[in-house]
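Colleague: Take a look at the letters that make up each chain.
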Amino acid sequence: NAGVMQNPRHLVRRRGQEARLRCSPMKGHSHVYWYRQLPEEGLKFMVYLQKENIIDESGMPKERFSAEFPKEGPSILRIQQVVRGDSAAYFCASSLRLAGDYNEQFFGPGTRLTVL
Amino acid sequence: SQQGEEDPQALSIQEGENATMNCSYKTSINNLQWYRQNSGRGLVHLILIRSNEREKHSGRLRVTLDTSKKSSSLLITASRAADTASYFCATFQSGYSSASKIIFGSGTRLSIRP
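So the protein sequences, as listed, match chains A and B. With the first sequence counted from 1, adding 352 to any position gets you this note's numbering. With the second sequence counted from 1, adding 10 to any position gets you this note's numbering.
These aren't lab readings, by the way, just hints derived from the structure by calculation. Some hints here could point you the wrong way.
Think about it this way: if two alpha-carbon atoms lie no more than 30 Å apart in a straight line, the pair counts; the simulated BS3-like pairs of lysine-lysine are [to be verified]:
1. A:K414 to A:K396
2. A:K396 to B:K66
3. A:K379 to B:K36
4. A:K379 to B:K79
5. A:K396 to B:K79
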């Protein structure tokens, strides 16, 4: 059973370009979470999605960032018109279900975005 | 602001020694977790301790939780070179709108000297 897959593992973009980060959850998991990690810091929550729905996007910057988790295919985190401050590691996690109590989130290896 | 703050930020010890990391948090929790992150890699879930538990063991790991002080500690006994990593405490809060979030601290970078 493959774990959470993220691609690409490394992404280099110039200022003003778009970055698209993909996350395939573990088989059977319908909950996906995106986190951002700046150098020397912990992970910060960005957005929580279920299939075709954004449940909680309280950690997402209001502009340039968007996320989706379509019925078919991976979850996509999209960053438009990237700036140097977007350089970070972006981690995706998935869980089996949400039942009012803790459900372990399994993390992918991350995508390291570098904005030149 | 971050929910958890680890102390120390960096720790270097000799192989075979014990390593202790501390975490403080701000609000009420249902559980607290510790994660490990090797350099350039994703996170690995180590252990979860619930708010009604005071101590938990898993192999060479021992976690304590003091809800009155809003603090937790992670002890790694008989450290090995492979334990070199960053360690994060994280809290999970129930309630539909917030149950989605794991709130991470800023981490302790542990280095084991051979």
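Colleague: Look at each hint and say if it fits the structure.
Modeller: So, going through the hints one by one against the coordinates:
| no. | hint | in the structure |
| --- | --- | --- |
| 1 | A:K414 to A:K396 | 15 Å, holds |
| 2 | A:K396 to B:K66 | 26 Å, holds |
| 3 | A:K379 to B:K36 | 35 Å, violated |
| 4 | A:K379 to B:K79 | 39 Å, violated |
| 5 | A:K396 to B:K79 | 24 Å, holds |
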